[in-house]
Every structure is written in C-alpha cells, then in structure tokens.
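Asker: Assemble the whole structure, with the sequences as input and the hints as a guide.
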Amino acid sequence: MVGTTRDFTCVAYLLPVPRRSFLRACAASAVGLLASGTIVERLLGASTPALGPEDPEVPNEEVARILDRISGARPIRRGHVSLDMPVVAEDGRVVPVMIETDLPMTATHYVKAVHLVVDHNPDAHLAAFHLTPALGAASISTRIKMKRTTWVRAIVETSTGEVWADYSRVRVSLNGCG
Amino acid sequence: MTTAIGEARIKVPDQITRGDLITVNSIVSHPMDTGFFRNADGVPIPAYFIKQVVVTYGGDEVARFEWTSGISRDPVVSFTLRADKEAPLTMTWTDNQGATFKHSVNIGFASA
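Going down the list, the sequences are from chains Z and H. Quick note: the first sequence, position 154, residue 348 per this note's numbering, numbers continuous. Quick note: the second sequence, position 42, residue 108 per this note's numbering, numbers continuous.
No wet-lab data here; the hints were simulated from the structure. Hints may contain errors.
Derived pair list, reagent style DSS-like, types lysine-lysine, alpha-carbon separation capped at 27 Å [to be verified]:
1) Z:Lys306 with H:Lys77
2) Z:Lys306 with H:Lys168
3) H:Lys151 with H:Lys168
4) H:Lys117 with H:Lys168
5) H:Lys151 with Z:Lys306
6) H:Lys77 with H:Lys151
7) Z:Lys306 with H:Lys117
8) H:Lys77 with H:Lys168
9) H:Lys77 with H:Lys117
Answerer: Structure representation (structure tokens):
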C-alpha cells in the first residue's frame, strides 16, 4: 500500500488540485491505511503463537525465557526488520552484524529497542540497543562473537507495542567464545 | 598497534547540513574478555567487558546500549543520527568493573 501512495504523488503534478493540499490528503490517507493495517495485523496476531510456523525453533529454556522477556507474550512477527550477517563466519570471534528496519522514527511511533539473540551462545541475549526518535532511523551495525553454528535473531520493539523480527542462520568455522 | 583500554574514536561525516541523517561510527579499545578463556599458565581470565554505552546529543540521551561479552574485542558500533542541531555528540562506555570512558565529537553544519 505504501507503493500505491508513492505512485499517487507522481500523478499529483497532472491534477488541477493544488499540490500541497493533494500531498496533505495523500499523507493523511497513508496514515489511515497504516493504522488500519496495524489493527488487522494485531487481531490476526492475537490468535497465533508467539512465533510463526516458519520461524526458527526455540532450542532451549533459556532462549524461550529471553524471547518471553522481550516480547512480553506479544506475537513476534517476521517483517520490517532486516538482519544482515554472513552465511559462513570463518572466525567466530568477529562476526559482522547489520540490523535495519523500515519502521518509522517519529515522536509517537518509533523503534524503542533492538535485541540481538544468538541461540547457542553462552550469553544468548547478546545485546539490547535502546533507541529514540532523535536517531532518525533504526539501523545498527556491530561485530559479535559466536560459539558455533546457530540461528541469530534480531528482534525489534516499537513504542506502540509491536514486535518484529528477522533471522539469520550463520555457520561458524572457528569458535569465538572459548 | 597498541592502544590503551578505553581509547575511543567517533567518526561522523565531514560535511553535514542541518537535517541530514548521518551515520555515526564508533570504536573503543577494550579486551571484552568473556571469562571462559585461560591464559598460557592455565589461570582463568576473568570476564572484563563493556556492559553499557550511553549516547547523548546536546545533552539529551538519544541511545543506550546494553552489551555482554559477546560483543567482539575493541567494540565497534554504528548508528544513525538526525543532525538537527549544532551540538556535541558524546558516547560514554562503562565496563563491568565500573570504569567509564568518554569521547565527544562536535556536530557542526557546513557554512553555505
């Protein structure tokens, strides 16, 4: 639906309506669409388990507790987040991680936390990044240690209570945790 | 290259215009010991790592990171910032032994 709205703005030049008020109307309808979409998703999400059927399985109690603590029983849905990691990490001591989202960063609707969970690491809840709208976007890069081949979870919490995630399976050649 | 623990660098673009979405790159020198390794004599090396990073911009806290020893040695972190005022950007790293390391850069706008 975002794509549709963008297309409309291109047409704006051809319309007799003053451009500013047209754009304002477009923005208003985009907000309306987004809001209604969220409500529908929330209704659907309420009846599904915390993770979707195609998400990586929870391997142990510790990861289950971490996911519960982050999500607070809200569904963790895949989307709006991109976790970029190498498929194969030669050296588990230094594995690059890049987390990006397309979620808004406004005063009323922003990404308030980005969590990094590495399933088979000794300290699975590796990092939490608490953000504010002043950052303008939610985009974090860092380098982490990985003990062995496992799933990595990037879980994002918004100020409005949504929880979004993306997952990467990383093959680790050299243990980086001791 | 030998750098003292806590020595830090923050890099922001050279040319910034008000309202730009800039990328901030940072690095701090720290061993980030997990506590799982032993030294050559078989003595365990205790856990020693940065556990918190606080970022302020013009005095306002804009981000706070909670870390474990799972972050790599000499931690790097990059994030975005909306450059909407000329003010210092300060990062404060705190390790699990209570030491704090602070570094600032000034966000200034190119004169038009």
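Asker: When you check the alpha-carbon spacing of H:Lys151 and H:Lys168, does it fall within 27 Å?
Answerer: With Cα atoms ~21 Å apart, H:Lys151 and H:Lys168 stay inside 27 Å; holds.
Asker: Hint check: H:Lys151 vs Z:Lys306, CA-CA at most 27 Å. Holds or violated?
Answerer: holds (22 Å)
Asker: Need the status of pair Z:Lys306, H:Lys168: alpha-carbon distance at most 27 Å?
Answerer: holds (24 Å)
Asker: Are H:Lys77 and H:Lys151 close enough, with their CA atoms no more than 27 Å apart?
Answerer: holds (17 Å)
Asker: Take the C-alpha atoms of H:Lys77 and H:Lys168, compute the straight-line distance between them, and say whether it is at most 27 Å.
Answerer: Since the Cα atoms of H:Lys77 and H:Lys168 sit roughly 14 Å apart, the hinted pair holds (cutoff 27 Å).
Asker: Decide if the proposed pair is consistent with the structure: H:Lys117 and H:Lys168, CA atoms, cutoff 27 Å inclusive.
Answerer: It holds: about 14 Å lies between the C-alpha atoms, which stays within 27 Å.
Asker: Mind checking the alpha carbons of H:Lys77 and H:Lys117 for me, to see if they're no more than 27 Å apart?
Answerer: holds (21 Å)
Asker: If you draw a straight line from the CA of Z:Lys306 to the CA of H:Lys117, is it 27 Å or shorter?
Answerer: Roughly 19 Å separates the two Cα atoms, so the pair holds.
Asker: Quickly compare the C-alpha distance for Z:Lys306 and H:Lys77 to 27 Å and report which way the hint goes.
Answerer: holds (24 Å)
Hint compliance for this structure: no hint is broken.
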